[in-house]
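Protein chains: 2
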Amino acid sequence: MAVGLNEPPVLRPVPGVRLGVVAAGLRKPGRPDLVLMSLAAGSRAVAVFTRNAFRAAPVRVAEAHLQAATPRYLVINTGFANAGTGEQGQRDAEASCREVADLGGCSPEAVLPFSTGVIGEPLPMDRLIPGIADAFQCLEVEGWAAAADAIRTTDTVAKGYSEVIEELDGAILTGITKGSGMIRPDMATMLAFLATDLPATEPVLDAALRRAVDGSFNRITVDGDTSTNDAAVLVSTHTGHSAPLKSTDDPRFPAFAAAVERACTALAQAIVRDAEGATRFVTLHVSGGRDEAECEQVAFTIAHSPLVKTALFAGDPNWGRILAAVGRAGIDGLDLTGVTIHLGEVCIVRGGEPAVDYTEEQGAAVMAESEVTIHVALGRGDAEATVWTSDLSYDYVRINAEYRS
Amino acid sequence: MAVGLNEPPVLRPVPGVRLGVVAAGLRKPGRPDLVLMSLAAGSRAVAVFTRNAFRAAPVRVAEAHLQAATPRYLVINTGFANAGTGEQGQRDAEASCREVADLGGCSPEAVLPFSTGVIGEPLPMDRLIPGIADAFQCLEVEGWAAAADAIRTTDTVAKGYSEVIEELDGAILTGITKGSGMIRPDMATMLAFLATDLPATEPVLDAALRRAVDGSFNRITVDGDTSTNDAAVLVSTHTGHSAPLKSTDDPRFPAFAAAVERACTALAQAIVRDAEGATRFVTLHVSGGRDEAECEQVAFTIAHSPLVKTALFAGDPNWGRILAAVGRAGIDGLDLTGVTIHLGEVCIVRGGEPAVDYTEEQGAAVMAESEVTIHVALGRGDAEATVWTSDLSYDYVRINAEYRS
Numbered sequence: 002m003a004v005g006l007n008e009p010p011v012l013r014p015v016p017g018v019r020l021g022v023v024a025a026g027l028r029k030p031g032r033p034d035l036v037l038m039s040l041a042a043g044s045r046a047v048a049v050f051t052r053n054a055f056r057a058a059p060v061r062v063a064e065a066h067l068q069a070a071t072p073r074y075l076v077i078n079t080g081f082a083n084a085g086t087g088e089q090g091q092r093d094a095e096a097s098c099r100e101v102a103d104l105g106g107c108s109p110e111a112v113l114p115f116s117t118g119v120i121g122e123p124l125p126m127d128r129l130i131p132g133i134a135d136a137f138q139c140l141e142v143e144g145w146a147a148a149a150d151a152i153r154t155t156d157t158v159a160k161g162y163s164e165v166i167e168e169l170d171g172a173i174l175t176g177i178t179k180g181s182g183m184i185r186p187d188m189a190t191m192l193a194f195l196a197t198d199l200p201a202t203e204p205v206l207d208a209a210l211r212r213a214v215d216g217s218f219n220r221i222t223v224d225g226d227t228s229t230n231d232a233a234v235l236v237s238t239h240t241g242h243s244a245p246l247k248s249t250d251d252p253r254f255p256a257f258a259a260a261v262e263r264a265c266t267a268l269a270q271a272i273v274r275d276a277e278g279a280t281r282f283v284t285l286h287v288s289g290g291r292d293e294a295e296c297e298q299v300a301f302t303i304a305h306s307p308l309v310k311t312a313l314f315a316g317d318p319n320w321g322r323i324l325a326a327v328g329r330a331g332i333d334g335l336d337l338t339g340v341t342i343h344l345g346e347v348c349i350v351r352g353g354e355p356a357v358d359y360t361e362e363q364g365a366a367v368m369a370e371s372e373v374t375i376h377v378a379l380g381r382g383d384a385e386a387t388v389w390t391s392d393l394s395y396d397y398v399r400i401n402a403e404y405r406s
Numbered sequence: 002m003a004v005g006l007n008e009p010p011v012l013r014p015v016p017g018v019r020l021g022v023v024a025a026g027l028r029k030p031g032r033p034d035l036v037l038m039s040l041a042a043g044s045r046a047v048a049v050f051t052r053n054a055f056r057a058a059p060v061r062v063a064e065a066h067l068q069a070a071t072p073r074y075l076v077i078n079t080g081f082a083n084a085g086t087g088e089q090g091q092r093d094a095e096a097s098c099r100e101v102a103d104l105g106g107c108s109p110e111a112v113l114p115f116s117t118g119v120i121g122e123p124l125p126m127d128r129l130i131p132g133i134a135d136a137f138q139c140l141e142v143e144g145w146a147a148a149a150d151a152i153r154t155t156d157t158v159a160k161g162y163s164e165v166i167e168e169l170d171g172a173i174l175t176g177i178t179k180g181s182g183m184i185r186p187d188m189a190t191m192l193a194f195l196a197t198d199l200p201a202t203e204p205v206l207d208a209a210l211r212r213a214v215d216g217s218f219n220r221i222t223v224d225g226d227t228s229t230n231d232a233a234v235l236v237s238t239h240t241g242h243s244a245p246l247k248s249t250d251d252p253r254f255p256a257f258a259a260a261v262e263r264a265c266t267a268l269a270q271a272i273v274r275d276a277e278g279a280t281r282f283v284t285l286h287v288s289g290g291r292d293e294a295e296c297e298q299v300a301f302t303i304a305h306s307p308l309v310k311t312a313l314f315a316g317d318p319n320w321g322r323i324l325a326a327v328g329r330a331g332i333d334g335l336d337l338t339g340v341t342i343h344l345g346e347v348c349i350v351r352g353g354e355p356a357v358d359y360t361e362e363q364g365a366a367v368m369a370e371s372e373v374t375i376h377v378a379l380g381r382g383d384a385e386a387t388v389w390t391s392d393l394s395y396d397y398v399r400i401n402a403e404y405r406s
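In order, the protein sequences belong to chains P and F. Numbers given in the working numbering equal positions in the first sequence, counted from 1, plus 1. Numbers given in the working numbering equal positions in the second sequence, counted from 1, plus 1.
Treat the hints with care, since some could be wrong.
Sample of chain P residues at the chain F side, in silico, Cβ under 10 Å [what the hints assert, rightly or not]:
id : residue
1  : R56
2  : L140
3  : V142
4  : L324
5  : G345
6  : C348
7  : E354
What follows is a set of in silico ranges between Cβ atoms, one per label pair, in the way DEER data are often shown [claimed, not checked]:
id : chain 1 : residue 1 : chain 2 : residue 2 : range
8  : F       : E362      : P       : A134      : 32 to 40 Å
9  : P       : R92       : F       : E346      : 45 to 53 Å
10 : P       : S108      : F       : G5        : 54 to 62 Å
11 : P       : E143      : F       : G5        : 58 to 66 Å
12 : F       : A365      : P       : R61       : 25 to 33 Å
13 : F       : G5        : P       : V11       : 29 to 37 Å
14 : P       : R61       : F       : E346      : 29 to 37 Å
15 : F       : E203      : P       : V357      : 53 to 61 Å
16 : P       : D215      : F       : V11       : 35 to 43 Å
17 : P       : E143      : F       : E346      : 48 to 56 Å
18 : P       : D358      : F       : R291      : 48 to 56 Å
19 : F       : E362      : P       : G43       : 51 to 59 Å
20 : P       : D358      : F       : A65       : 52 to 60 Å
No lab work stands behind these hints, which were simulated from the structure alone. Think of the CB as a built atom: it goes at the ideal place given N, C-alpha and C, for glycine as much as any other residue.
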């Protein structure tokens with residue numbers, strides 16, 4: 002079902018990162034569901050996490066561990082989110098880290114746990130613990146593609162990104178992500194793991210990651226539901242030959258930040274292209290706002306409207322629903338006579354009224370494509386924002402009605 | 002598909018109100034689609050309208066007319082919302098009023114126009130104008146049931162309410178409403194028309210209507226989409242024999258306000274029971290908040306979650322999705338250990354964790370019913386709020402994907 006999304010490109014190994022992927026039989030037998038990521042000594046890592054008040058146990062543990070130590074291992078499971086699992090969930094996340102630490106010869110605080118899957122059911126520790134030992138046996142630098150495959154839940158396609166940053170001595174940046182539903186990252190993301198061999202300090206990594214996430218994972222929505230487990234991690238293994246990036250004032254920082262943003266944008270868009278039941282990939286571009294926040298507000302209001310989303314599914318250029326969504330977005334003192342809406346290149350609303358030269362045939366032609374852009378110009382300022390979303394189909398309902406069955 | 006909703010009860014005539022219902026062939030031939038409501042001289046009326054910034058032409062005209070004169074006629078059409086229709090829409094709404102005024106012998110300002118249906122297409126004036134003349138020919142006091150039927154769009158059932166207010170000398174209160182999708186009234190409602198013969202001044206009617214709407218139409222949601230045409234009207238024909246209600250300090254006011262609230266609540270719930278594709282009627286009760294606003298915010302966040310709504314459709318007691326929605330509702334400083342969630346009478350979450358004695362069988366038994374109550378106790382105050390909503394089914398997608406085809 003993924004819209005314009007193929008299997009990920011070749012994912013270049015990042016010197017200093019090895020991945021072990023196993024089928025631990027956590028939820029279903031025979032399906033790869035456990036990833037161990039080993040980081041070279043000297044690596045640095047930063048992360049952003051979900052702002053959902055109900056944070057999963059692994060999110061709480063990973064955040065605490067990141068503050069206490071420099072990570073050496075990430076352990077990621079699918080099938081179970083380990084969210085809403087109370088004290089037991091906390092103990093299970095910590096026990097997973099201890100097992101990795103024992104086998105890897107580091108402190109438990111140097112291990113970051115991540116989980117995704119069904120909320121509210123305890124981790125099957127009797128299968129997870131042996132799985133960790135198995136994963137240690139198969140660590141390899143070429144494991145990125147297998148890891149991208151293993152962290153999927155309802156994702157139909159593995160998602161990854163890889164580039165050689167030519168401007169930065171050929172440093173490598175590779176990342177993977179997962180996510181398909183419960184997608185409305187709020188200052189965070191679904192699971193995403195990026196690594197580079199370019200030496201960079203935590204403050205530099207943090208600045209690059211936050212900037213990139215704001216313009217990518219924080220600008221996508223499938224269903225408006227923010228997950229309890231969202232996390233994005235950026236690692237520098239410090240194995241590259243460049244001098245370390247120690248400050249955002251370093252003249253090389255913009256090139257690095259741009260590369261991280263390209264990676265995050267590609268991964269975030271991949272999530273929307275593979276959204277549950279999606280038949281269309283929709284770009285919402287709102288310009289002419291007084292500030293970016295109000296542009297974002299209008300874009301997300303359109304993106305969350307079930308009526309707009311079902312019209313997109315039907316390929317129906319029902320611009321009245323777009324207009325109604327703009328109208329209820331809560332923009333103070335919005336003057337309708339300044340509002341213009343384009344569907345692709347076709348002007349459908351001008352000055353708050355149907356464009357005089359618009360015909361349904363023009364709108365239908367745009368909606369016949371699997372990739373649709375909606376531009377809304379508010380006509381009251383210079384700010385703009387872009388949000389990506391999917392349509393609402395029978396399959397979204399089916400996938401989410403059947404998720405636990 | 003309506004959940005626990007039969008045809009409306011007997012709708013008692015309100016002395017002073019006559020209704021004419023005709024099939025003007027506006028969108029489909031042979032279907033009643035035009036209602037003329039005639040009010041006795043001396044009637045008083047108040048209304049609340051949508052807060053959507055894109056207000057339909059009839060909403061703008063009705064509001065202006067209400068300020069300029071005392072209404073004698075309401076003219077209501079289905080099939081076309083006359084929203085997003087620009088200057089032409091404004092002229093058409095005014096022309097409809099002039100036609101009614103000419104035939105009824107009143108000023109155009111004494112006529113209130115209402116429209117519901119597809120947004121963005123002009124009113125078919127060539128059929129509407131003759132329809133108005135026909136409606137004058139069939140005005141009758143018994144027309145309420147036919148009017149409730151005629152104002153429907155995707156509604157599967159006509160919706161009405163009627164009572165004799167015993168405490169108030171047997172005054173009659175009768176109302177009708179329509180609405181099924183694009184339902185998330187924001188300080189207003191879908192179309193609702195209520196009338197009483199109890200003499201009451203505008204300030205009294207206004208106080209009673211606003212209070213009632215806040216606890217009824219403003220507490221329902223189907224899909225979070227606020228319509229461009231929402232309106233609720235309360236008429237007093239002053240034909241009753243009681244002394245006029247002139248002040249909210251009148252000792253009879255509480256009984257009147259309570260009756261209006263009963264009527265609005267019944268009509269609002271009827272809309273949710275007949276929500277597009279609904280298979281379940283869901284009551285969300287949030288208590289223990291610091292103020293009503295935060296309780297409402299949590300209730301609406303759950304009510305708008307596509308993941309909760311599809312779980313409800315599936316009859317799946319997936320409490321993790323409810324918990325995730327509470328967590329992303331944006332309640333400042335929410336302490337999870339104080340949160341308790343009940344599904345019907347079954348405690349599913351206590352102190353932010355799964356209740357120890359909870360079993361999936363208990364949850365499944367509650368979800369097997371067509372009427373489900375979800376209680377969320379926030380444990381941080383004394384405020385509470387109730388919101389009613391529906392589930393998200395294949396039929397919601399079908400109805401809205403096919404709406405214009």
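Status of each hint after checking the structure:
1. The restraint placing R56(P) at the interface with chain F holds, with a minimum CB-CB distance near 8 Å, inside the 10 Å limit.
2. For L140(P), the interface hint is violated, the least distance from its beta-carbon to any beta-carbon of chain F being 32 Å, above 10 Å.
3. Violation of the interface hint for V142(P) is found here, the shortest Cβ-Cβ separation to chain F being roughly 36 Å, above the 10 Å cut-off.
4. For the restraint placing L324(P) at the interface with chain F, the shortest Cβ-Cβ distance is roughly 5 Å, inside the 10 Å limit, so the hint holds.
5. Interface restraint check: G345(P) against chain F, minimum CB-CB distance 18 Å, threshold 10 Å, status violated.
6. At its closest, the beta carbon of C348(P) sits 14 Å from a beta carbon of chain F; the interface hint therefore is violated under the 10 Å criterion.
7. The closest approach between the C-beta of E354(P) and any C-beta of chain F is roughly 3 Å, which is under the 10 Å cut-off, so the hint is satisfied.
8. The given range of 32 to 40 Å is respected by E362(F) and A134(P), whose C-beta atoms sit roughly 36 Å from each other.
9. Between R92(P) and E346(F) the C-beta distance comes to about 31 Å, which lies outside the given range of 45 to 53 Å.
10. A hinted range of 54 to 62 Å for the beta carbons of S108(P) and G5(F) is consistent with their spacing of about 59 Å.
11. The given range of 58 to 66 Å is respected by E143(P) and G5(F), whose C-beta atoms sit roughly 59 Å from each other.
12. Range check, A365(F) to R61(P): about 30 Å between beta-carbon atoms, so the 25 to 33 Å window is met.
13. A hinted range of 29 to 37 Å is violated for the C-beta pair G5(F) and V11(P), which are about 57 Å apart.
14. At about 32 Å, the beta-carbon gap between R61(P) and E346(F) stays in the expected band of 29 to 37 Å.
15. A hinted range of 53 to 61 Å for the beta carbons of E203(F) and V357(P) is inconsistent with their spacing of about 41 Å.
16. For D215(P) and V11(F), the hinted distance range of 35 to 43 Å is not satisfied, since their beta carbons lie about 59 Å from each other.
17. For E143(P) paired with E346(F), a C-beta distance near 55 Å keeps the hint of 48 to 56 Å intact.
18. Under the hint 48 to 56 Å, the C-beta atoms of D358(P) and R291(F), about 53 Å apart, fit the expected range.
19. At roughly 53 Å, the beta carbons of E362(F) and G43(P) sit within the given window of 51 to 59 Å.
20. Taken as a hint, the range 52 to 60 Å is violated for the pair D358(P) and A65(F), whose Cβ atoms sit roughly 31 Å apart.
This entry does not satisfy hints 2, 3, 5, 6, 9, 13, 15, 16, 20, going by the numbered hints stated previously.
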